[in-house]
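Asks: For the record, the sequence lines run as chains D and U.
Offset between the first sequence (1-based) and the numbering used here: plus 44.
Offset between the second sequence (1-based) and the numbering used here: plus 9.
Calculated from the structure, these hints are not laboratory results.
Bear in mind that the values here come from a model prediction, so they are computed numbers and not experimental data.
There may be inaccurate statements among the hints.
[Unchecked claim] Straight-line distance between alpha carbons at most 25 Å, and here's what the computed DSS-like set of lysine-lysine pairs gives:
| hint | chain 1 | residue 1 | chain 2 | residue 2 |
| --- | --- | --- | --- | --- |
| 1 | U | K60 | U | K93 |
| 2 | U | K361 | U | K390 |
| 3 | D | K82 | U | K209 |
| 4 | U | K197 | U | K240 |
| 5 | U | K298 | D | K82 |
| 6 | U | K200 | U | K240 |
| 7 | D | K85 | U | K298 |
| 8 | U | K320 | U | K309 |
| 9 | U | K320 | U | K275 |
| 10 | U | K361 | U | K89 |
| 11 | U | K298 | D | K81 |
| 12 | U | K60 | U | K47 |
| 13 | U | K209 | D | K85 |
| 14 | U | K60 | U | K89 |
| 15 | U | K97 | U | K60 |
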Amino acid sequence: MAFKFPKCKRTKDGTYGPTSRDHYYLPISYHARTALKKLSKSRWCLSEAEQFYVFRIADEPWWQCTVNHGLFSIVDFGNVIVGEEGERLAAFPIPRNSSDYWHGYPIQTEESKPGPDLLDRWEEEGIITPHLRRKIETGRL
Amino acid sequence: MSHLRIFIPAGVLDSYVYSGYLFAIFNDGTLRVLPLQKVYEALTSQHAHFKGTLRLAILRNDWQDNLQAVTFLAIGGFRKVLAKEWQKAALNRFTIEFDKDKDWQILAKAPAMPIYDIRLYANRVYLAHRDGVREGRLSFYHNEVRLDNPLVKIFDARTVNISARSGNLMFSADHEGLYYGSLWNERKTTKISSRCYAPKSLRTGWSGFDVVNYERQAHFSYLENEIVRRKDQRPFRYSEIDESPEKIEIVRMAAKTYSMNEVLEKVPFQSGDVQYCFNSTTTCFFFLKDGRFVSVNFAKERRDNVRLRSKIHPMFSAAKEIISQKPSSAAAFPLGCVVEYFDRVLLFHDGKVVTLEDSPVISVRTFPASRRFRRQICITKEDGIALHAVFPAEDEISRINTPNRLQRMALAAA
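Turn these sequences into a full structure, and let the hints steer you where they fit.
Replies: Below, the structure written as structure tokens:
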């Protein structure tokens, strides 16, 4: 059965949130599914509200990767495709200023992936299975 | 097309078929081995009426590769009877349980988990993991395998893939690059060059004695190597029953490197259109972003000008909806290929598409260079190992029925 994202409303200034950490998510136009295809910019296949959900589940438990300095997210054991090119992981770089809005985009594991610290944590907490971890680490997800 | 499926329940992370044995990395980090003869005996004790078919499927995939087979398969109706028996056996869902401690023999303890890749080659086992690569030499006895020495660390970088051909091994260390090892003039362990041959490598494929390095799943570079035929030199220690005694040594790795755009120069699509690609010795396979699955042959008439031919061959266009998804991995198979998706494994063979597994798997392996196991597909799942054996297509049988030079000589001598 397809994953059902919870509903969420956009704020007046175009952001989504706050999360329990008081963080706001701002969708970026060139990562939107309707954006023109650019070689260096991945595109979501999710709506803005769905993108916020992907961000929120990474932000609230603080799925931070110390190696790549950002949050990483995965939905429902990777069963949900988040990007136009079949991506199943998303990255959210830490904003330069704590008051800045967060943004994020889908990632291919062959280009960028969470470091072993976050993968260890995900595996311990049952967010991913050992075989999914192997696929992430070998760039096959 | 019919394929036999034999399922062996076990808690494993990866598995590999080599020289008549099933090697597996268990969840507890042990490298264990199970003789395929044991699998065959256990199965035939329950399904005695499929004894012959199971023997061809599990132990002797080379049954059609000799002069006797050429003679027998030329007899009208013989192939049909064989195919019918195979089909009958394929209707069974063979599941056979083995005791982890009694039946599976422990060979070694993996140095670190998870193991990213396991490769059995030239009577050696290679384990790739986050701390590098370990190697162990194997000796085969009757229904028993021994590790001659404890696993030795031969490489330090985090390695995600190992491939081998003619005594030469390629180690893909992701962002740390591509490295080359050789078994020529072997002493105790594989000699690995300290030079990095490409800045990034996820996996490699062999095209003859050249290497295709995949920096990304949809992007490669082609490394042309200089080779020398060693007529008098004793080759490295290979498996005499399953591996070819190749006597070609690479003397200069990556003598010339071609970019993907150079190799695709004549092809009517561009590198940006590719979603996933892989290669066999003669052919490059492309899953394109528009949903097409095509193959293109290498043109290597001139050694210094490697290109793909301009003619593209559409493959299995009927399954466009299925193949438009991005593959996780793919492996060449006689007259086709096996493709792993996130949630299933498909066999593309003889113009048809067959679902081998309909749930996520850990790894998919084929053994096209093996003599006895080239028609087997070894799929590792979270709950066990699925061995698939595929009956040869009509075209493959026809090719066998056309005697090659050696067979013609033998027939003439007879």
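Asks: For the pair we were handed, K298 of chain U and K81 of chain D, check the Cα-Cα distance against 25 Å.
Replies: holds, 13 Å
Asks: Mind checking the alpha carbons of K197 of chain U and K240 of chain U for me, to see if they're no more than 25 Å apart?
Replies: holds, 23 Å
Asks: Just to be careful, I want the Cα atoms of K361 of chain U and K89 of chain U compared with a cutoff of 25 Å; is the pair within it?
Replies: Judged against 25 Å, a Cα distance of about 19 Å means the pair holds.
Asks: Given the hinted pair K60 of chain U and K93 of chain U, is their alpha-carbon gap at most 25 Å?
Replies: holds, 14 Å
Asks: Decide if the proposed pair is consistent with the structure: K97 of chain U and K60 of chain U, CA atoms, cutoff 25 Å inclusive.
Replies: OK: K97 of chain U and K60 of chain U at ~12 Å, within 25 Å.
Asks: So if I understand the rule, the pair passes when the alpha-carbon distance is 25 Å or less; does K60 of chain U with K47 of chain U pass?
Replies: The given pair, whose Cα atoms are some 13 Å apart, holds under the 25 Å limit.
Asks: Between the alpha carbons of K82 of chain D and K209 of chain U, is the straight-line distance 25 Å or under?
Replies: holds, 23 Å
Asks: Hinted pair, alpha-carbon criterion (25 Å max): K209 of chain U, K85 of chain D. Please report holds or violated.
Replies: holds, 21 Å
Asks: Hey, K60 of chain U versus K89 of chain U, does the alpha-carbon distance stay inside 25 Å?
Replies: The given pair, whose Cα atoms are some 18 Å apart, holds under the 25 Å limit.
Asks: Within 25 Å, alpha carbon to alpha carbon, are K200 of chain U and K240 of chain U?
Replies: It holds: about 21 Å lies between the C-alpha atoms, which stays within 25 Å.
Asks: Does the structure keep K320 of chain U and K309 of chain U at a Cα separation of 25 Å or less?
Replies: holds, 15 Å
Asks: Check whether the Cα positions of K361 of chain U and K390 of chain U lie no farther apart than 25 Å.
Replies: OK: K361 of chain U and K390 of chain U at ~24 Å, within 25 Å.
The structure agrees with every numbered hint stated previously.
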